Amino acid sequence: MSMAASQGPVKITLDDAIQLALKHNHNLLAAQTTIEQDEALEEQANLRPNPSWFADWEYLPLSPQGANYFENETEGDLGLSYLFERGKKRQHRLQAAKDVTAQARSLVADNERTLTFNVASQFFNVQLAESTLELATKDVDSFRKTVEISEYQYKVGGMSEGDFLMIKLQLLQYETDYQQAILAKDQGLDDLRNMLGYDAVPADYDVAGPFDYQPVKTNMEDLQLKALENRPDLRAAQQGVTASTSQWELQKAEGKVDVTGQGNYSHANGINAATVYVSAPLPIFNRNQGNIAQARYAITQTQEQEKATNDQVMTDVHDAYVGLKENDTIVVLYLSGYLNAAVRDRDIEQYAYQHGGASLLDWLNAERTYRATELAYRQALASYLTALEQLREAVGTRTLP
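Each residue of the sequence shown is one higher than the last, beginning at 1 in this note's numbering.
No lab work stands behind these hints, which were simulated from the structure alone.
Misleading hints may appear alongside valid ones.
As the list claims (entries may be wrong) - Simulated pairs of lysine-lysine, PhoX-like, Cα-Cα distance not exceeding 20 Å:
#	residue 1	residue 2
1	K325	K226
2	K98	K138
3	K256	K89
4	K155	K145
5	K145	K168
6	K138	K226
7	K89	K252
8	K325	K88
9	K155	K168
10	K217	K89
11	K98	K252
12	K88	K98
13	K88	K226
14	K11	K23
Because the structure is a prediction, the values reported are computed rather than measured.
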C-alpha cells in the first residue's frame with residue numbers, strides 16, 4: 001500500500017484508507033474470527049466417537065486368604081465397546097459444518113463491502129470539510145482586507161459608520177464559517193481514524209486525492225447483472241439454502257439407528273472367558289422425526305430469504321443508480337455556469353459599490369449569494385461522490401461495468 005508523499009503529516013488516499021480499514025478495523029477483525037471458529041467446528045464435526053473401556057475385580061478379601069483364593073474365588077472383567085455410527089453421520093456433519101463456514105466467509109465479505117462504503121463516505125466528508133475550509137480561509141482573508149480598507153475610509157470620512165459596521169458584521173459570518181470548517185475537518189478525521197483502526201494512522205494524518213466531478217457512463221441493467229454475480233450477501237443467502245439442505249440431510253442421518261459393539265474378557269472362579277455383545281436402540285418412538293421436519297421447513301425459510309435478498313439487490317442497484325443520476329444532474333448544473341455566475345455577480349456588485357453604482361446591501365447580498373453557491377456546490381459534489389460509492393456498494397464491486 002502506498003502513502004501519498006508529502007511534507008508534514010502523513011497523507012492517505014481513498015484506496016489507502018480502504019486497505020487500512022480492511023486490515024485494522026476491529027469490528028471487521030472480530031467478524032473474521034467467525035470463519036476460524038467455524039473451521040474449528042469442521043474439525044470437531046469430522047471426529048469419530050471415542051471407544052469406551054471398563055474393568056472390574058470382584059470379591060476381593062478383607063482379610064488374608066489362601067494362596068489360590070485370588071485365582072479361584074474372585075472375578076474380574078475387562079472390556080472395550082465402540083459406537084458404530086450408521087447413515088454416514090460423520091460425513092453429513094462435516095458437510096453441514098463446511099457449508100456453514102462457506103456462508104460465514106460470504107457474510108464477512110459483506111461486512112467488508114459495508115465497511116468500504118462507510119470509509120469512502122467518511123473520506124468524502126473529510127474532503128468536503130477541507131474544501132469548505134479552503135473556501136472559508138480564502139473568503140475570510142479577503143474580507144479582512146476589505147474591512148481594513150473600509151475602516152480606513154470610515155476614519156477619513158469616506159464611509160458612514162453604519163456602512164462600516166455592516167461590513168464588519170459580515171466578517172463575523174466569514175469568521176464563523178472558518179471556525180466551523182476547522183471543527184468539521186478535525187472531527188471528520190477523528191471519525192475516519194476510528195474506522196481505519198485508531199493505531200493504523202498517526203494522530204496528525206491527513207487525506208489526499210482529487211475532490212472533483214468524475215462522470216460515470218453505465219446502465220442499470222448491466223449494473224444489476226453485475227450485482228447478482230458479486231453481492232456477497234446474496235451469495236451468503238444462496239449458501240444458506242445449501243447449508244439448510246445439508247442440515248436436513250444430517251438430521252435424516254441422525255435418525256438412523258447406531259450399533260454398539262462390545263467385547264469382554266472375564267475371569268470367574270478360575271475360568272477365563274470371552275464375551276461379545278451387540279446392542280442397538282429400537283426406533284419405535286424416537287426416529288428424530290421432529291428435527292427432520294424442522295430442518296425441512298428451514299430449507300423453505302432460507303429459500304424465501306434468498307428471494308428476498310435477490311429482490312433487495314435489484315432494489316439497491318436501482319435506487320443507487322437513480323440517486324447517482326440525480327446528483328450528477330445537480331453537479332452538472334453548477335458546472336454549467338452557475339458557479340461562474342455567482343463569482344461574476346459578486347465582482348460586479350463589489351466594483352459597482354466601490355464606484356457608487358450600487359448600494360452596500362446589494363454588494364453584501366452578492367457576497368452571501370456567492371458564498372452560499374460555493375458551499376452548495378461542494379456539498380453537491382460530496383453527495384455525488386457518495387452516491388457513486390453507494391452504487392459500487394450496491395453492485396458489490398468498486399469496478400463498475
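Structure-based check of each hint:
1. K325 to K226: 18 Å, holds
2. K98 to K138: Violated: K98 and K138 sit about 60 Å apart, past 20 Å.
3. K256 to K89: 9 Å, holds
4. K155 to K145: 15 Å, holds
5. K145 to K168: 11 Å, holds
6. K138 to K226: With a Cα-Cα distance of about 44 Å, the restraint between K138 and K226 is violated, given a limit of 20 Å.
7. K89 to K252: Holds - the C-alpha atoms of K252 and K89 are around 9 Å apart, at most 20 Å.
8. K325 to K88: Given that 20 Å is the threshold and the Cα spacing comes to 56 Å, the pair is violated.
9. K155 to K168: 14 Å, holds
10. K217 to K89: Violated, at about 53 Å.
11. K98 to K252: Holds. K98 to K252 sits at ~18 Å (cutoff 20 Å).
12. K88 to K98: 16 Å, holds
13. K88 to K226: 39 Å, violated
14. K11 to K23: 18 Å, holds
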